[in-house]
Amino acid sequence: MSISEQQLARVAELARIRLDAATVTEVTRRIGDILAMIDQMGAVDTTGVAPMANPLDATQRLRVDEITETDRRERFLAIAPLSEEGLYLVPRVIE
Amino acid sequence: MEWETVIGLEVHVQLATRTKIFSGASTRFGAPPNTQACAVDLAMPGTLPVLNAEALRMAVCFGLAIEASIAPVSVFDRKNYFYPDLPKGYQISQLDHPIVSGGRVRIELPDGSSKTIRVTRAHLEEDAGKSLHEDFHGLTGIDLNRAGTPLLEIVSEPELRSAQEAVAYLKQIHSIVRYLGISDGNMAEGSLRCDVNISLRRPGATGFGTRTEIKNVNSFRFVEKAIAVERERQAEILEQGGQVVQETRLYDPVRNETRAMRSKEVAHDYRYFPEPDLLPVSVDRQFIEAVRATLPELPDAKAARLRTDYGLPAYDASVLCASRELADYFEGVVATCGDAKTSANWVMVELLGLLNRENLEIGASRVAADALGTLIRRIADGTISGKIAKAVFEAMWAGEGDPDAIIAARGLRQLADSGAIEAIVDAVLAANAAQVESYRAAEAQKRVKMFGFFVGQVMRESKGKANPQQVNELLRRKLDGE
Amino acid sequence: MHELSLEAIRNGLARREFSALEITTHFLDRIARIDPQLNAFITVDREAALAGARAADAALAAGTAGPLGGVPLAHKDIFCTDGMRTSCGSRMLDNFVPPYDAAVVERLAAAGCVTLGKTNMDEFAMGSSNETSYYGPVRNPWDRERVPGGSSGGSAAAVAARLAPAATATDTGGSIRQPAALCGLTGIKPTYGRVSRHGMIAFASSLDQGGVLARSAADAALLLGAMAGFDPRDSTSIDAPVPDYRASLDADLAGLRIGVPKEYLDAGLHPGTERAVRAGLAELERLGAQVREISLPHSPLSVPAYYVIAPAECSTILARFDGVRYGYRCADPQDLFDMYARSRAEGFGDEVKRRILVGTYALSAGYYDAYYRKAQQIRRLIAQDFHAAFAEVDVIAGPASPSPAFRFGEKSTDPVTMYLEDIYTIAANLAGVPALSVPVGLVDGLPVGMQLIGRHLDEARILNVAHRFQQATDWHLRRPGGID
Chain A
1 MSISEQQLAR
11 VAELARIRLD
21 AATVTEVTRR
31 IGDILAMIDQ
41 MGAVDTTGVA
51 PMANPLDATQ
61 RLRVDEITET
71 DRRERFLAIA
81 PLSEEGLYLV
91 PRVIE
Chain B
96 MEWETVIGLE
106 VHVQLATRTK
116 IFSGASTRFG
126 APPNTQACAV
136 DLAMPGTLPV
146 LNAEALRMAV
156 CFGLAIEASI
166 APVSVFDRKN
176 YFYPDLPKGY
186 QISQLDHPIV
196 SGGRVRIELP
206 DGSSKTIRVT
216 RAHLEEDAGK
226 SLHEDFHGLT
236 GIDLNRAGTP
246 LLEIVSEPEL
256 RSAQEAVAYL
266 KQIHSIVRYL
276 GISDGNMAEG
286 SLRCDVNISL
296 RRPGATGFGT
306 RTEIKNVNSF
316 RFVEKAIAVE
326 RERQAEILEQ
336 GGQVVQETRL
346 YDPVRNETRA
356 MRSKEVAHDY
366 RYFPEPDLLP
376 VSVDRQFIEA
386 VRATLPELPD
396 AKAARLRTDY
406 GLPAYDASVL
416 CASRELADYF
426 EGVVATCGDA
436 KTSANWVMVE
446 LLGLLNRENL
456 EIGASRVAAD
466 ALGTLIRRIA
476 DGTISGKIAK
486 AVFEAMWAGE
496 GDPDAIIAAR
506 GLRQLADSGA
516 IEAIVDAVLA
526 ANAAQVESYR
536 AAEAQKRVKM
546 FGFFVGQVMR
556 ESKGKANPQQ
566 VNELLRRKLD
576 GE
Chain C
578 MHELSLEAIR
588 NGLARREFSA
598 LEITTHFLDR
608 IARIDPQLNA
618 FITVDREAAL
628 AGARAADAAL
638 AAGTAGPLGG
648 VPLAHKDIFC
658 TDGMRTSCGS
668 RMLDNFVPPY
678 DAAVVERLAA
688 AGCVTLGKTN
698 MDEFAMGSSN
708 ETSYYGPVRN
718 PWDRERVPGG
728 SSGGSAAAVA
738 ARLAPAATAT
748 DTGGSIRQPA
758 ALCGLTGIKP
768 TYGRVSRHGM
778 IAFASSLDQG
788 GVLARSAADA
798 ALLLGAMAGF
808 DPRDSTSIDA
818 PVPDYRASLD
828 ADLAGLRIGV
838 PKEYLDAGLH
848 PGTERAVRAG
858 LAELERLGAQ
868 VREISLPHSP
878 LSVPAYYVIA
888 PAECSTILAR
898 FDGVRYGYRC
908 ADPQDLFDMY
918 ARSRAEGFGD
928 EVKRRILVGT
938 YALSAGYYDA
948 YYRKAQQIRR
958 LIAQDFHAAF
968 AEVDVIAGPA
978 SPSPAFRFGE
988 KSTDPVTMYL
998 EDIYTIAANL
1008 AGVPALSVPV
1018 GLVDGLPVGM
1028 QLIGRHLDEA
1038 RILNVAHRFQ
1048 QATDWHLRRP
1058 GGID
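For the record, the sequence lines run as chains A, B and C.
First residue of the first sequence: 1, per this note's numbering; consecutive thereafter.
First residue of the second sequence: 96, per this note's numbering; consecutive thereafter.
First residue of the third sequence: 578, per this note's numbering; consecutive thereafter.
Be careful, since some hints might not be right.
[What the hints assert, rightly or not] Lysine to aspartate or glutamate pairs mimicking DMTMM-like chemistry, simulated, CA-CA at most 25 Å apart: (1) K558/B x D499/B; (2) K225/B x D912/C; (3) K225/B x D39/A; (4) K988/C x D33/A; (5) K839/C x E66/A; (6) K541/B x D512/B; (7) K485/B x E392/B; (8) K988/C x D20/A; (9) K436/B x E489/B; (10) K839/C x D816/C; (11) K225/B x E862/C; (12) K310/B x D912/C; (13) K320/B x E352/B; (14) K320/B x D347/B; (15) K225/B x D45/A; (16) K485/B x E453/B; (17) K225/B x E13/A; (18) K988/C x D39/A; (19) K225/B x D347/B.
Hints were generated in silico from the structure; no laboratory data involved.
Just chain A, with the same shape it has in the complex (with noise of 0.2 Å):
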């Protein structure tokens, strides 16, 4: 399988990622490489095989309902890179 400017156009906005017009012809041509050299996985009948997510064959643990974390406020939002009143601010968000 192969993939267009426009597919890549369409991909790049799902993983938001501005493409540079200049570059975006050799960025299709490799991603396709990519694909070309992932169709191998058509050599093989996969037909009822169960997909395997995880290499642990094994379930859940899970964990008691109990308080752990602390009030960290003021360490998290010093590395952020916009913040004011205790919010992280972000360009306008338009519902």
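Based on these hints, arrange chains B and C on the given structure of chain A.
Just chains B and C now, with coordinates in the frame of chain A:
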């Protein structure tokens, strides 16, 4: 043209756990912004989710309450989208293998009929934070305290056919989660939120029309109004030969209209896939049975029992079962006084009246159930009249003490001593000799009204304490010579 | 002093032959003198290291020191260190000072280790040559015109150049074993779940595993023992006791069944590497092992399956780098979308962006079944291959990388060529089994590695085989020329 409204609800219930679904941070409502957002909630690099046992138990509890299947193995997925209140850039949710599937909820309709609505599924997921749109130099503020609060998303089949049915269903879900104690159901604080899917079709049609989704309709009244206006809007479009656009809309309660969300959000593609940071969740038979054993009596069963055990009318039973606390209160009153019908009247009229007046929940009642029961007993045993009892109840509400103390302190005990009452009757008749004359001269029909005058006078003289039955008997004997 | 093994350092400290301050200062001085030629470190906080050493000396004097009290080491800059910048080799985290320690950092600190600094790496661990780091490439101490491998290239170069006695590292598709091979080190990726991932910046959650780069199997056994173990903060952490890996190092190899997958000695393998690996296998036979050919029939598909799964997982786990709560935010965002798209375009390098785009595509509507689901099915077939093989053999052996260290730029222009660097290592990550690389020879003066893959949770066995091999050979004692 006639249209059938087809409605399905997605109800998000915040589970009443102490901590987040995947972290040990508190879920308490109303803390200063970002003071309850820990490193996991903030999606700090390298932090990992671990499932809260209590959230799982509560989801199972709900599933059993609506007679649904509990998945022996359920799976969490990543639902990917960017939003500033979603720290990881994905929400951990459940897509293909939800914990609960295939349940049913019975609703009672205003015309006295009932209907069963099927619940497609209920799955666990994490809540997002909040965007605050107050002006921070033209920017939006993000509070992530709510991020990671456990949610149970309950999805109904599109089997609701009117705003009334939708509200009845939502109220029933509200009632069930509160009965189970798995959510406080506080809609004002967002503990229970509702998305409405609505479409129209011609009566008798089997397919569905194009639907719209109205997001975050967060009160019973708004659900009713939003459905009404959206139904209107869609009908108008269809009648003019137009097509409904499948989209997400918001209900504006101020203008009482729905409008398309304005965000120029890129069309979503959530790219769900199994969350590799969590393993499949296993729930065994033993656990399910242990949870089942803790299930309380649910609203339907409780109402049925109140009808049979106490002989209450269906309406009274359903009103008293709206919440577990109210039903418990009622049963507490009956336990003390033994008179179910009078108890029901007092709880529904006097108590709910005062609670509504002061906008209080039953848990905040200033009169305890056994105190109300004692008061009712004092009517039955003739200590006070029903009318005096209402004054005593007000005094109890005001915190003046238990009914017997108030009756004693205010001297409200009924005069049951016939000699004392007779003295008052004699005095009243002596003081109103002219009226006694005209009473005796009057026709039988007129006498009825005139008789009331004498009763009133005696009661006034006794400050309401004379036993009305004795007063009646004495007057009848002395006036009519019976 | 910088040639001492971890055991020797520990003993020297215990016998007061030298202090933690002395040995820490010694390594810090070497870093200051030699690292400018290698670029193995991103961050060295000399004062913090010296303070750590003094504290270790105090603990040693008081008799309260942990089992590795005063042993200096380096951490890959993927492990969060409380109060010390943790960049993950990315501009995105150039300003990121974590308010917490990774579990690995915590455990080693509790054992008494002194942190020398944070080592360079491919950006977000995506690379096999250390050329994708925002902080520039790391040079291979054996030949500075060549790559050290990646992504743990900084840790490998630092240990090979004796700038640290050992280092932590991570391995998602070969990021410990391939640099170990290219730098002449012993590097182990334990069983998935053996070492906590808490505080280890994720690339692909179902593949990432922390481990060790060291100069010998004995050193690796000692360090891994201190790092491994259950952590309730990581849902994928295995709740099983950690054996004393050193206790079984000397076990006899007689009768041990070693399988060599025929798919691993294929046409893509450098002839020199193949000769060295075959010689290594012969040595293992001399030590009593039975070596036989086996087949892992689906292993040729491990690279394509991996390059769906790893990008898919990375495309979502890296969504948190959005310029809102920490890390890089672009200047003057026009609106919310612009803030996201430009912060991520400017904060991530080309390879990271490429993988995010591939992963996003593979998960998107209409492609999920053909890519992601298919890859996860192949993953199961690969895991089943291992399961079947381990019914017949105890250990699987083969090359760790297709060739010795290559020159800068030789493979970095073509991603697919670079991806094939991990052709022998990726399968162990997909299946979650433990694997290590030991030095097995020199080809044109460059080290090559032999990979040993063990059963689930059987790190002790592969460390034992590696140790016996190292008792019989001296490849692991060779050191790069030009490093004093």
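Okay, the hints, checked on the actual structure:
no., hint, verdict
1, K558/B x D499/B, "18 Å, holds"
2, K225/B x D912/C, "18 Å, holds"
3, K225/B x D39/A, "42 Å, violated"
4, K988/C x D33/A, "14 Å, holds"
5, K839/C x E66/A, "53 Å, violated"
6, K541/B x D512/B, "30 Å, violated"
7, K485/B x E392/B, "32 Å, violated"
8, K988/C x D20/A, "23 Å, holds"
9, K436/B x E489/B, "21 Å, holds"
10, K839/C x D816/C, "35 Å, violated"
11, K225/B x E862/C, "65 Å, violated"
12, K310/B x D912/C, "24 Å, holds"
13, K320/B x E352/B, "9 Å, holds"
14, K320/B x D347/B, "10 Å, holds"
15, K225/B x D45/A, "47 Å, violated"
16, K485/B x E453/B, "17 Å, holds"
17, K225/B x E13/A, "24 Å, holds"
18, K988/C x D39/A, "21 Å, holds"
19, K225/B x D347/B, "19 Å, holds"
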